[in-house]
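Use the sequences and the hints to build the structure in full.
Number of protein chains: 4
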Amino acid sequence: MRVKDVKKVVLAYSGGLDTSVILKWLQTTYNCEVVTFTADLGQGEELGPARKKAELLGIRPENIFIDDLREEFVRDFVFPMFRANALYEGMYLLGTSIARPLIAKRQIEIAEQVGADAVCHGATGKGNDQVRFEIGYYALKPDVKVIAPWREWDLTSRTKLIEFAEQHQIPISKDKRGEAPFSVDANLLHSSSEGKVLEEPWDEPPEVVWQRTIRPEDAPDTPTEIVIEFERGDAVGINGERLSPAELLTRLNALGKENGIGRLDLVENRFVGMKSRGCYETPGGTILYVAHRAMESITLDREAAHLKDSLMPRYAELVYNGFWFSPERRMLQALVDESQHSVSGEVRLKLYKGNTIVTGRRSPNSLYSMKHVTFEEDQGAYDQTDAQGFIKLNALRLRLGAMAGRKGGTL
Amino acid sequence: MRVKDVKKVVLAYSGGLDTSVILKWLQTTYNCEVVTFTADLGQGEELGPARKKAELLGIRPENIFIDDLREEFVRDFVFPMFRANALYEGMYLLGTSIARPLIAKRQIEIAEQVGADAVCHGATGKGNDQVRFEIGYYALKPDVKVIAPWREWDLTSRTKLIEFAEQHQIPISKDKRGEAPFSVDANLLHSSSEGKVLEEPWDEPPEVVWQRTIRPEDAPDTPTEIVIEFERGDAVGINGERLSPAELLTRLNALGKENGIGRLDLVENRFVGMKSRGCYETPGGTILYVAHRAMESITLDREAAHLKDSLMPRYAELVYNGFWFSPERRMLQALVDESQHSVSGEVRLKLYKGNTIVTGRRSPNSLYSMKHVTFEEDQGAYDQTDAQGFIKLNALRLRLGAMAGRKGGTL
Amino acid sequence: MRVKDVKKVVLAYSGGLDTSVILKWLQTTYNCEVVTFTADLGQGEELGPARKKAELLGIRPENIFIDDLREEFVRDFVFPMFRANALYEGMYLLGTSIARPLIAKRQIEIAEQVGADAVCHGATGKGNDQVRFEIGYYALKPDVKVIAPWREWDLTSRTKLIEFAEQHQIPISKDKRGEAPFSVDANLLHSSSEGKVLEEPWDEPPEVVWQRTIRPEDAPDTPTEIVIEFERGDAVGINGERLSPAELLTRLNALGKENGIGRLDLVENRFVGMKSRGCYETPGGTILYVAHRAMESITLDREAAHLKDSLMPRYAELVYNGFWFSPERRMLQALVDESQHSVSGEVRLKLYKGNTIVTGRRSPNSLYSMKHVTFEEDQGAYDQTDAQGFIKLNALRLRLGAMAGRKGGTL
Amino acid sequence: MRVKDVKKVVLAYSGGLDTSVILKWLQTTYNCEVVTFTADLGQGEELGPARKKAELLGIRPENIFIDDLREEFVRDFVFPMFRANALYEGMYLLGTSIARPLIAKRQIEIAEQVGADAVCHGATGKGNDQVRFEIGYYALKPDVKVIAPWREWDLTSRTKLIEFAEQHQIPISKDKRGEAPFSVDANLLHSSSEGKVLEEPWDEPPEVVWQRTIRPEDAPDTPTEIVIEFERGDAVGINGERLSPAELLTRLNALGKENGIGRLDLVENRFVGMKSRGCYETPGGTILYVAHRAMESITLDREAAHLKDSLMPRYAELVYNGFWFSPERRMLQALVDESQHSVSGEVRLKLYKGNTIVTGRRSPNSLYSMKHVTFEEDQGAYDQTDAQGFIKLNALRLRLGAMAGRKGGTL
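Chains as they are written, first to last, in this note's numbering: chain D, 22 to 432; chain G, 22 to 432; chain Z, 22 to 432; chain F, 22 to 432.
Honestly, the hints are just simulated from the structure, not real lab data. Possibly wrong hints are sitting among the right ones.
Note: identical chains are not told apart, hence a pair may lie in one copy or across any two.
List time: in silico BS3-like cross-link candidates among lysine-lysine, alpha-carbon distance up to 30 angstroms [as the list claims (entries may be wrong)]:
| hint | residue 1 | residue 2 |
| --- | --- | --- |
| 1 | K278 | K29 |
| 2 | K25 | K428 |
| 3 | K181 | K25 |
| 4 | K181 | K371 |
| 5 | K25 | K45 |
| 6 | K29 | K217 |
| 7 | K73 | K371 |
| 8 | K28 | K195 |
| 9 | K278 | K195 |
| 10 | K392 | K197 |
| 11 | K278 | K371 |
| 12 | K181 | K197 |
| 13 | K25 | K195 |
| 14 | K428 | K392 |
| 15 | K428 | K195 |
| 16 | K217 | K195 |
| 17 | K278 | K392 |
| 18 | K25 | K392 |
| 19 | K371 | K217 |
| 20 | K28 | K371 |
| 21 | K428 | K181 |
Spelled out as structure tokens, the structure:
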């Protein structure tokens with residue numbers, strides 16, 4: 022089922038062993054020109070070595086693309102998603118899912134630029150990432166040829182991979198010789214770990230899995246208090262300092278890390294049909310999620326908020342399944358964005374040993390009316406007798422039902 | 022807008038000052054026989070004094086009803102709701118909302134038994150509880166007369182209330198003379214505080230508000246590990262000990278309390294149209310929520326789980342708004358319950374300073390298949406080439422869209 | 022519960038007997054200045070007499086407002102709603118509901134212009150229209166005073182109304198002396214009839230009820246064929262002739278009328294809690310609904326269409342309940358409108374004795390790909406082997422369930 | 022991607038040319054024992070010839086299964102679906118979709134009975150039916166081997182198919198030599214036609230396509246009036262005569278046919294990602310749909326009805342996509358069925374030249390209260406002043422929004 026006649030392929034290239042093997046395998050299998058694309062999404066690795074390694078493997082300089090996409094990532098992908106309060110299966114902040122469409126988009130842009138007819142990624146045939154990459158590719162360039170080596174080749178074991186690397190003079194760093202005890206993905210929003218030692222869902226993950234946050238037990242005994250400022254649904258500052266999207270998330274990551282915030286050990290349902298177990302660390306994102314909900318709590322109309330909440334699972338599912346570049350995600354985004362015009366103001370939080378605790382929220386657009394809610398005399402702001410008619414008409418259909426013998430809402 | 026010709030009324034009676042004043046006011050205003058009903062829902066107060074006080078206020082012994090409803094409360098109200106993972110506005114575990122229908126139901130049962138034509142509650146005209154009580158009443162006895170003193174009388178200040186009490190020889194305990202700094206509701210699931218000192222949403226709640234949990238900072242430095250056992254969606258045991266519903270929730274409350282778990286400071290949207298700020302403590306319920314989701318994570322089919330998630334906001338809204346006894350809640354419950362047949366097994370948790378951390382889950386009905394998900398050789402359990410067709414057909418409509426010029430899912 | 026100190030009130034005035042009585046009653050009861058507002062929404066009545074009658078009843082010329090709102094009505098209210106394919110309870114095209122917000126909006130605009138502090142409408146206390154008017158008023162001018170005579174006065178029978186009219190020299194046309202056999206509302210989108218002879222839902226409506234369409238039996242024996250042209254979700258022309266929104270709907274109404282199209286006899290659920298029976302005629306709207314769906318069928322992406330469909334009941338409920346001017350309706354509209362960019366092209370229809378039959382649709386933006394769907398040789402456009410992987414991964418979770426003993430999707 | 026080592030296969034066998042070729046192809050390609058299964062689902066064909074032809078092609082008598090499934094089809098598949106008022110994409114009554122799971126179920130039962138390890142169907146690789154069959158197979162027997170000849174073989178043109186048939190002495194009826202002008206599927210619920218002459222969506226379908234209904238133009242000039250009786254959501258009788266499910270649908274089909282009812286010409290979205298055009302005839306189903314909605318209109322609570330309506334698109338999508346045997350369809354069915362307890366009574370209809378017109382509905386469980394809705398004096402059944410409080414509290418959040426500067430529901 023391999024594609025044919027590939028002339029030039031853009032490879033999502035990390036510089037690591039696996040994608041280096043893929044690079045070589047592409048050259049030898051498809052006999053085509055390879056263009057590498059390496060993105061800084063905040064995964065915390067130097068990109069310099071990726072360039073060197075690509076050159077070493079024979080890629081011509083004009084075919085090596087290295088981009089810092091951190092601001093675009095947070096501004097155009099992470100923030101819109103957080104406006105929706107997206108949680109997959111009630112828990113997961115979608116850290117891996119949200120990065121894939123951006124990589125796909127940039128790969129296709131490069132393909133158009135260099136006249137490539139194919140793109141290639143290093144995701145396996147069992148996971149969600151292959152879907153996310155490829156749906157992105159197809160949605161942006163419907164005639165593109167897609168190469169997914171892990172679904173095609175016969176390098177199905179670590180041993181064979183290492184052998185192939187040795188045969189083709191691919192440098193192998195010492196620590197990559199053995200099998201990693203689990204598989205990792207990271208970007209500015211989160212780190213995920215899965216596989217191998219994590220495959221038994223009854224076993225607690227070993228501490229070594231957590232690389233992005235300290236243990237709550239090891240976090241400071243004193244809470245850290247911060248204030249996050251929002252404008253139209255997006256965080257724009259911390260403690261009075263205005264920050265760009267990526268700066269802000271970086272800052273929140275540091276705060277979350279120190280306070281042991283954002284760990285999640287989850288069994289989730291993959292789009293390809295099986296359950297898997299992942300360990301996620303989303304330190305800054307966890308803080309941002311809590312803060313955004315608190316900001317909305319005083320600035321969003323009730324029905325606006327409930328409508329958003331009712332559609333959130335669908336939005337999260339779309340992102341998880343890889344349909345960022347789809348009409349339905351755009352439609353939901355239009356609905357969500359329409360709701361965020363007044364979501365501005367400040368939220369105060371206490372960060373403490375894994376906890377993100379809201380301690381205050383205020384806004385020039387607040388819909389909270391102390392005059393109406395007060396237990397004190399309200400000067401006629403609210404007429405309590407209105408409640409009687411409200412209740413009676415809300416109950417009317419139930420009373421008519423009960424009169425017809427259907428007591429207590431039976432049918 | 023007062024009801025007329027009330028002969029006998031069943032009053033939801035706590036024994037406190039407010040409902041004692043109501044009791045007297047009913048007698049003097051409606052000149053009717055008063056029946057008191059006091060329920061133990063786990064609010065943590067002795068019920069003996071309520072009986073004595075009712076007698077003191079002239080209620081005949083056969084008109085005093087005192088019931089321990091704790092098991093019924095947890096079994097028939099709390100547990101069904103937790104099967105749905107209900108969270109109002111993404112955060113609130115509905116501790117007050119879920120108790121009201123049970124009180125309403127029992128009041129109506131007593132009314133039928135003693136031949137009363139009216140019922141009365143002590144909720145104010147600004148809140149949700151009046152709606153929850155009265156919708157319950159009407160759904161169960163459509164011709165019942167409803168008396169809501171706070172919407173009717175002119176005892177609109179603390180001073181007038183105290184005056185009325187003094188005039189009518191209602192005993193006033195010392196600490197009730199002054200105004201409480203906030204208003205409290207409690208039952209086995211949670212305690213809530215609102216009003217007065219809590220009315221400014223930018224101010225952090227004073228520590229005195231939290232009565233049901235210790236501060237996370239004061240919780241033990243060592244995590245507590247527990248295992249919760251589930252059968253068909255309901256928790257049935259802790260650490261190998263089988264417990265009744267109320268026993269189990271009581272035990273979880275103790276565990277949560279000690280570990281500083283379950284505090285929530287929230288601005289929420291009331292059904293009557295305004296925003297309010299509440300401070301909630303749901304120690305056991307918070308643990309139960311996390312555990313139930315973890316149990317479902319390995320036992321529920323993906324689409325079953327997603328369907329539940331998509332309807333959860335609606336279910337929570339119904340409970341919050343007081344529509345427990347409604348056809349639509351029953352329909353959603355039927356859907357939810359249908360999903361829980363296999364939600365059995367064990368979840369292991371670590372409780373630590375406000376955190377409820379899942380560390381393991383297992384089930385005889387597990388749908389997690391290590392054979393399929395493994396990074397190791399899977400013996401053909403999963404054919405990676407299937408993913409290609411899966412992706413291509415999922416992408417087909419997007420490719421057709423892009424070919425028609427709508428790149429990236431534009432419309 | 023009457024509002025106090027009304028200085029100037031804007032009355033939605035039809036010129037008929039009922040609103041003339043209201044006009045006089047306002048003057049005598051509130052002793053306030055009355056401003057009349059009469060709108061042409063295509064109800065098919067002359068507006069001249071309304072002006073004369075208002076003058077006769079002592080309204081000063083500068084206080085008489087008469088507006089032709091037909092184009093605004095169709096362009097800004099009917100068309101946006103039809104983009105959503107809104108049907109209340111699966112059947113009703115919302116002809117009355119959609120007109121109310123526009124009347125409310127214009128009344129408030131006039132109130133602002135003339136410095137009125139109150140508005141008044143002639144809807145009864147049992148129906149939906151009072152809700153629709155008043156929610157509109159409050160959403161646009163939160164401090165407005167609302168007068169709803171039918172909920173306030175004691176003119177509770179036809180006899181008393183006539184008496185009041187006679188006392189106050191209000192002219193009564195002969196045919197208004199007796200009780201109308203049913204109540205009618207009409208505008209450019211539809212006519213509705215309800216009450217009196219229609220109150221028994223087992224009885225077929227008498228033919229006299231239908232005023233806007235001929236009987237299907239009386240319609241021509243030969244079908245009428247038309248082509249409707251759409252641009253971005255809105256109809257813009259018929260049979261090649263470009264028409265303004267109101268012109269177009271007028272034309273469709275004539276076509277529908279002649280062909281007996283658009284009658285509906287429905288028992289529906291009112292927002293105020295009871296069921297009612299209505300007989301609706303929406304000749305042009307029925308044609309437009311069918312045509313718009315057909316246009317979408319070739320221009321909308323599948324998931325875009327399904328997302329719209331899943332939210333349509335909510336959208337229709339909002340319009341029916343009177344929440345046109347609400348954040349949630351705006352959010353849903355944003356989602357709907359986002360989907361309509363490519364809904365352009367032509368639909369051919371056959372109109373015949375009550376039937377609206379689609380016979381063709383075409384579009385420059387069509388997503389229908391004959392190349393892909395054809396039963397003939399498709400030149401490799403579609404690879405049938407892709408279906409295998411697609412099915413296998415879609416079935417994987419069900420297979421895993423069945424392996425765990427849950428055959429056939431049991432839980 | 023062919024399955025291996027097939028020993029015994031159960032083939033869904035119609036007796037027609039295509040499945041006869043498949044039968045032979047299975048024997049020659051897989052060298053396995055073939056078991057034929059032919060079902061009477063009301064498609065209107067004699068089954069005797071299928072048995073003879075199977076014997077002629079060498080199938081042993083004990084390997085020939087012929088079942089009359091009409092009652093099971095209507096009772097356990099069609100009726101549950103109609104309880105949900107399922108319409109795919111707002112229009113399509115799912116006549117083909119609903120038959121596939123029953124065929125799959127029976128095939129698997131036979132496979133278990135005869136010890137077959139494989140099943141085979143004659144659906145193409147472009148359509149929905151392959152998905153519906155195979156998801157059914159896998160959900161009921163997760164280890165079954167599935168053979169889909171049209172995705173595997175090289176008989177990709179009519180000519181090759183005929184050649185193969187001639188080579189293998191498969192009798193070919195004269196009219197099958199040429200290409201059919203379109204492809205047909207039929208059962209007791211509907212007939213569908215697609216492909217070939219129907220592939221251009223701008224062209225009106227030729228009259229020859231419609232085989233199951235007469236033209237509205239040719240239907241009687243006088244309406245036919247009928248009364249359908251319902252019990253708990255299912256139709257149980259017509260005009261006072263109690264009928265079994267299949268008898269009843271057969272009767273309605275005859276009535277629909279004569280009156281030109283149930284034609285639909287639709288462009289729809291397939292699960293496999295493309296749009297296709299189908300012409301459907303569902304005479305009895307169309308009448309049943311209208312009647313069921315009318316029955317619900319007086320017996321279902323408003324929110325029960327709206328909840329059902331909001332989930333209907335999802336239910337219909339599940340049936341269309343082939344997920345009848347899934348947890349999520351069962352969950353939705355539980356919700357739907359819970360709502361139908363009181364959906365009993367009678368609906369009167371007029372059938373006339375393509376129209377199904379409701380003229381009356383009545384029920385012992387009716388929730389329609391003339392006392393409440395009447396325009397006449399209602400004896401205090403409904404207190405109009407209740408409406409004021411109802412409206413004011415429903416409007417409160419919008420007023421608070423407008424006071425905060427967000428007029429008219431802006432955000």
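So, going through the hints one by one against the coordinates:
1. In this assembly of identical chains, the alpha carbons of K278 and K29 never lie at most 30 angstroms apart, being 42 angstroms within a copy and 60 angstroms across copies at closest.
2. With identical chains, the CA atoms of K25 and K428 are at most 30 angstroms apart between copies only, with a shortest distance of 24 angstroms across copies and 68 angstroms within one.
3. For the homomeric pair K181 and K25, the shortest alpha-carbon distances inside one copy (25 angstroms) and between copies (28 angstroms) are both at most 30 angstroms.
4. In this homomeric assembly, K181 and K371 never come within 30 angstroms of each other (Cα to Cα): the closest approach is 50 angstroms inside a single copy and 41 angstroms across copies.
5. When the C-alpha separation of K25 and K45 is checked against a cutoff of 30 angstroms, the pair qualifies only within one copy, where the shortest distance is 17 angstroms, while the shortest distance between copies is 34 angstroms.
6. For the identical chains of this complex, K29 and K217 are neighbours neither inside a copy (35 angstroms) nor across copies (39 angstroms), given an alpha-carbon limit of 30 angstroms.
7. Taking the shortest alpha-carbon separations for K73 and K371, neither the intra-copy value of 44 angstroms nor the inter-copy value of 46 angstroms comes in at or below 30 angstroms.
8. With identical chains, the CA atoms of K28 and K195 are never at most 30 angstroms apart, being 34 angstroms at best within one copy and 51 angstroms at best between copies.
9. Taking the closest pair of Cα atoms, K278 and K195 come within 30 angstroms of each other only inside a single copy of the chain (29 angstroms); across copies the shortest separation is 49 angstroms, beyond that limit.
10. In this assembly of identical chains, K392 and K197 lie within 30 angstroms of each other by CA distance solely across copies; the values are 25 angstroms between and 65 angstroms within a copy.
11. For a Cα distance limit of 30 angstroms, the shortest separation of K278 from K371 qualifies both inside one copy, at 14 angstroms, and across copies, at 20 angstroms.
12. Proximity of K181 and K197 under a CA criterion of 30 angstroms is satisfied intra-copy only: 13 angstroms inside one chain copy versus 55 angstroms between copies.
13. Taking identical chains as interchangeable, the C-alpha atoms of K25 and K195 are never at most 30 angstroms apart, the minima being 36 angstroms within one chain and 43 angstroms between chains.
14. When the C-alpha separation of K428 and K392 is checked against a cutoff of 30 angstroms, the pair qualifies only between copies, where the shortest distance is 20 angstroms, while the shortest distance within a copy is 38 angstroms.
15. For the homomeric pair K428 and K195, neither the shortest alpha-carbon distance inside one copy (73 angstroms) nor that between copies (44 angstroms) is at most 30 angstroms.
16. In this assembly of identical chains, the alpha carbons of K217 and K195 lie at most 30 angstroms apart only when taken from the same copy (20 angstroms versus 63 angstroms across copies).
17. Taking CA atoms no more than 30 angstroms apart as the test, K278 paired with K392 passes in neither setting, with 40 angstroms inside one copy and 34 angstroms between copies.
18. When the C-alpha separation of K25 and K392 is checked against a cutoff of 30 angstroms, the pair qualifies only between copies, where the shortest distance is 21 angstroms, while the shortest distance within a copy is 71 angstroms.
19. In this assembly of identical chains, K371 and K217 lie within 30 angstroms of each other by CA distance solely across copies; the values are 23 angstroms between and 36 angstroms within a copy.
20. Taking CA atoms no more than 30 angstroms apart as the test, K28 paired with K371 passes in neither setting, with 55 angstroms inside one copy and 53 angstroms between copies.
21. Proximity of K428 to K181 under the C-alpha cut-off of 30 angstroms is found in neither arrangement, the shortest distances being 70 angstroms within a copy and 39 angstroms between copies.
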